[in-house]
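For what it's worth, numbering that gives the first Met the number 0 labels the leading residue of the sequence shown as 0, then goes sequentially.
Just so you know, these hints were derived from the structure itself, not from any lab.
Do not rely on the hints blindly, as some may be mistaken.
Label-pair distances were calculated between CB atoms; the ranges are [claimed, not checked]:
#, residue 1, residue 2, range
1, R42, A487, 45 to 53 Å
2, R514, R72, 44 to 52 Å
3, A336, R46, 23 to 31 Å
4, E437, E478, 34 to 42 Å
5, A38, A336, 41 to 49 Å
6, E456, P114, 51 to 59 Å
Beta carbons are placed, not taken as given, at the ideal position from N, Cα and C, and that holds for glycine.
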Amino acid sequence: MVTGLSSLVPFADIAAGVRFLGRLPSFLRHPIGSAEARAIVRRRLERREADFLAVAERLIYGYDGSPYRRLLRLAGCEYGDLERLVDREGVEGTLRNLYRQGVYLTVDEFKGRRPAVRGSATVPVDPARLCNPRATVHALAQSSGSRGPRTQVPLDLASNWDHAINRRLSLDARGAIGWRHAIWGVPGGGEMVIVLRFAVCGAPPVHWFSQVDPNGPGLHPRYRWSGRVMRWGSILAGVPLPTPRYVPLEHPSPILTWMVGVLRAGGTPHLKTFPSSAVRLCQAALDAGLDLRGAKFTLTGEPITAARLARIRRSGADAVPDYGSTESGAIGEWCLAPDAPDDVHLFHDLQALIQPGPNGQDRGLPPGALLISSLRLTAPLILLNVSMGDQAEMTERACGCPMERHGWTTHLHTIRSFEKLTGEGMTFFDTDVIRVLEEVLPTRFGGTPTDYQLSEEEAEDGRSRLRLLVHPAVGPLDEAAVVDQFLASIGAGSGAERVMEQFWRQAGVVRVERRAPHAQASGKILHLHLQRRDAAPVEPPTGSGGVE
């Protein structure tokens, strides 16, 4: 059986699956309690500077292959210098100092698409060298990347447990441990992490709904096998977890049936999904005359705007945001006394964040770009002032919500991408689509690279839309063929990018519009044009209790 399977699944995946199956039962048999989680977060915050130095000493200075080690030495910063800097300026002060000395990575550098050039020195960045050399690989996730190497992210149950500590306290803040939980996303390692994180908090999901068929043609076999392995291990632990069930965007009735059934039984259904997916689901409920008062959503993966939140609340449901990435894990989760629709508390026991400020533009970074650094020895990827292509407003304020009591006093809101497209929760970095716009489409359909542009916008119904602008000068076109070529090109392969391509295709996210691409005031035509609707007023929940 293993021989037959190995012809379909790489041996490394099989070995990781065996380790995962062996470790999973003990992982699930010991759920995290509230008192334990509070004590752990308190100790982490007390030891924050020591934890940062431990990561630097063991996983950067102690690892010959680390590109950060070379950047630090170019900056004249040996480990003893770093210790003194942290003692004098703290973690964030140290990170700002290092950033000014050239110790940081842009998205392209982090992805290995270009070397880090600092003055006359060039530092090659191999994404594999950013993986935690001490991590145990129980599964693999992939970030997007159809141009250049994709980032392989090792999934370690120890890291998942570290992040689940925070998830337990976040769920406690909402009174959510006893809710009925489900997710509606895609198959793969990233969603497995979510399922396991809920489970080890004592809130195992009852459903894993998938917007992409895990048994569909073209997907790597790991998407079928990984869910089954998790199911087998969870049964051994006595905590049976769901496998992905295909529920496409356009036919969400199985999810509505489940949510309404839980509500009628006196329970609280809670669905973690993408904002635009929640909008679609709530609109389907309104169209069917179904009342979702009391239903809860957690939204992730794309911008959460006032317009989208208002659409969700019209159905009677309520929603809160969380924020993270495949590479970093959880960065922050909901504020229950928010200043903005996407207001989250930064988990600064897990991550340290700084922003480049006005001088960032000299290095290709907007002033509000988020530069992330790892604070946990279990981090799957080691990050030191790394940009993931996001920017946000970052503030310190006393909000009075339960999350603040744990020491999470830093808030992020108005979180937006400046280097990637995010449609229906699926993300492609801008460099992933440039080759398609500049080379593939002009070669197939004619015209020049400046005749094609992607414009991302939020439609009136709260859904994401990507318009593929094609200049009229290109001449007559089969618009369906243009969309098909675009999606096929960015979805080359059988991994994460293939999942995203199928998802966008089924959701009908990309549409052709025959018009000249948007030009900046300077006359530049960028490959990606990001456009947001003006914020709509946020309607109060129609349920009885407001925010819990």
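Unmet hints by their number, sorted upward, for this structure: 4, 5, 6
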